[in-house]
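J.: Below, each chain spelled out in residue letters.
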Amino acid sequence: MPNLIPDAEVLCEQLAAKIAEQLTADSVLIGVHTGGVWLAERLHAMLGISEPLGTLDVAFYRDDYSSRGLHARPRKSEIPFDIDDRPVILVDDVLYTGRTTRAALNELFDYGRPGRVELAVLVDRGERQLPIAPTYCAHTLTEPLPAGSRLRLVRDDAGVLSLRLLDA
Amino acid sequence: MHNPQLNAKGELQHLLTLDGLPRAILEQILDIAEPFTEVAEREVKKLPLLRGKSVFNVFFENSTRTRTTFEIAAKRLSADVINLNVATSSTNKGETLLDTIDNLCAMGADMFVVRHASSGAPYLIAEHLQATGREHISVVNAGDGRHAHPTQGLLDMYTIRHYKKDFTNLTVAVVGDVLHSRVARSEIAALTTLGVPEVRVIGPKTLLPTDLERMGVRVFHDMREGLKGVDVVMMLRLQNERMQGALLPSSQEYFKVWGLTPEKLALAKPDAIVLHPGPMNRGVEIDSAVADGQNAVILPQVTFGIAVRMAVMSMLAGGK
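Note that the protein sequences, when read in sequence, are chains V and B. full-length UniProt numbering puts the first residue of the first sequence at 1, with every later residue one more than the last. full-length UniProt numbering puts the first residue of the second sequence at 1, with every later residue one more than the last.
Honestly, the hints are just simulated from the structure, not real lab data. Bear in mind the structure is a predicted one, so any value in this text is a computation, not a measurement. No residue lacks a Cβ here, since even glycine has one placed at the ideal position from N, Cα and C. Do not take every clue at face value.
Unchecked claim - Derived pair list, reagent style DSSO-like, types lysine-lysine, alpha-carbon separation capped at 30 Å: (1) B/K75 / B/K46; (2) B/K45 / V/K76; (3) B/K205 / B/K228; (4) B/K269 / B/K205; (5) B/K165 / V/K76; (6) B/K205 / B/K45; (7) B/K45 / B/K228; (8) V/K76 / B/K164; (9) B/K75 / B/K9; (10) B/K264 / B/K205; (11) B/K205 / B/K256; (12) B/K165 / B/K256; (13) B/K256 / B/K269; (14) B/K46 / B/K164; (15) B/K46 / V/K76; (16) B/K256 / V/K76; (17) V/K76 / B/K205; (18) B/K46 / B/K205.
Claimed, not checked - Some residues of chain B that are not near chain V, with every Cβ distance over 10 Å (derived): (19) C105; (20) D166; (21) N295.
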């Protein structure tokens, strides 16, 4: 079995350690719904960031809207601080084609002009369709996952995070 | 039964009336509207959903507020918006409604927002588009005759849900000139579908339609009696311009009996909210003290109206 699905809790600790090395006093975290927000909530607490957590739902910026329409119930994006000239760390659970990150970047720039944007992800599953790379990544898959399968972060009732591979 | 508003997959294709629209669709519109309210707080008040689409506001009857809020909604979704005041244009030169629509289609319309004095005009346009293989073009009814004003009904539902959270424990009163009101018809349809257990209609006999009880509402001809213990008061505008013949003695007389004053509002629950679709006739159906008072949510209604119209347009334009 080339790809063992790693323990999300362990990866979360490792990701926090990687970010902590580069963290500046004015850094802010913005999680991308839904898995990215759960992860960002953890990182926000572990890194002791003073500004509240920001969240983005990229539903209104997706590039498949004209073919697929609006599907899941979109949530409010909330960025309760000024992002102009600040270092922003975008947080998502899994980096795959890069299209979600593209949408998140577009949405982010409708709130202002950040000084720097970095990307933190728990898992990079490869197979990018856009020129996007993570700044911080806890785990990189060595082999492609089956086409159409979805790798998702899930959170149980006790708040424990884990990664699940869902079939197409 | 065939519902011309829904496509084969049961998704919203046109928005013509709230009557007969499934609860799931109503709730979906309200859910999608919620995140749109946040856009007004951003530096760039725009979303890219309708980029490259042309929305034609075709108003065969005058309206400032409805047209403006549709225009803002479409522009916040990045659409190109073309406003046509047909009331002062080609139909006066003898062009038929469907010829006007065909011409606008030839100009590249993706969506029509239609206001018309005749009930059923938006239906006629939707069926015409359907019959001529132009299903990709959507129609939104922005008020047709005495029939329906679905986006007003939806923004009222959004407002109620915003303040009261749950529809299933509410008593709601619709007050005034129901006979001439397309708003009232849309409100009653939506309230019933969303599970409001008690909808009351309050008004003088001459301004209430005769078939009201069939719509599942309780009718009151005494305002004080009808307002007792209600959670929501939905005022209607006295439709002076639609009034033909002597249905009322005078507007002063109307105010005395049917105007919402602080004294009458005191019969409702203390935390009752007061809605009005605008434009208000102060001193006719509503006292200034109520219109400007703490129970009134009339200005939030206008703001929510933009988000609700954004939700409708983005549901219609996507997935084609």
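J.: Does each hint hold? Answer for all of them.
T.: Comparing the hints with the structure gives:
For the hint pairing B/K75 with B/K46, the CA-to-CA distance comes to about 7 Å; that is within 30 Å, so the pair holds. With a C-alpha separation of about 14 Å, the suggested pair B/K45 and V/K76 falls inside the 30 Å cut-off, and the hint holds. For a cut-off of 30 Å, the pair hint linking B/K205 to B/K228 stands: about 19 Å separates their Cα positions. Under the criterion of a C-alpha separation no larger than 30 Å, the hint pairing B/K269 with B/K205 is consistent with the structure, at around 25 Å.
Note on B/K165 and V/K76: the hinted pairing holds, with a Cα-Cα distance of about 17 Å set against a maximum of 30 Å. Distance check on the hinted pair: B/K205 and B/K45 sit about 46 Å apart at the alpha-carbon level, beyond 30 Å; violated. Between B/K45 and B/K228 the alpha-carbon distance is near 42 Å, which puts this suggested pair outside the 30 Å criterion. Our distance criterion of 30 Å between C-alpha atoms is met by V/K76 and B/K164, whose separation comes to about 20 Å.
This hinted pair checks out: B/K75 and B/K9 have alpha carbons roughly 28 Å apart, not beyond 30 Å. For the given pair, B/K264 sits about 19 Å from B/K205 by alpha-carbon distance, which is consistent with the 30 Å threshold. Distance check on the hinted pair: B/K205 and B/K256 sit about 16 Å apart at the alpha-carbon level, within 30 Å; holds. A hinted pair counts as satisfied when its Cα atoms are at most 30 Å apart, and B/K165 with B/K256 does not qualify at roughly 33 Å.
Distance restraint check for B/K256 and B/K269: the Cα-Cα separation of roughly 22 Å lies within the 30 Å cut-off, and the hinted pair is therefore satisfied. A C-alpha spacing of about 29 Å is found between B/K46 and B/K164, which places the hinted pair at or below 30 Å, so the restraint holds. A threshold of 30 Å between alpha carbons decides the hint, and for B/K46 with V/K76 the separation of about 14 Å falls inside it, so the pair holds. Between the alpha carbons of B/K256 and V/K76 the distance comes to roughly 45 Å, so the proposed pair goes past 30 Å and is violated.
Restraint check for V/K76 and B/K205: not satisfied, since their Cα atoms lie roughly 45 Å apart, outside the 30 Å limit. With a C-alpha separation of about 47 Å, the suggested pair B/K46 and B/K205 falls outside the 30 Å cut-off, and the hint is violated. At roughly 19 Å, the least C-beta separation between B/C105 and chain V is larger than 10 Å, which holds for a residue marked as non-interface. No beta-carbon of chain V comes within 10 Å of the beta-carbon of B/D166; the shortest separation is about 18 Å.
At the 10 Å boundary, the C-beta of B/N295 stays outside the reach of chain V, the nearest C-beta of that chain being 26 Å off.
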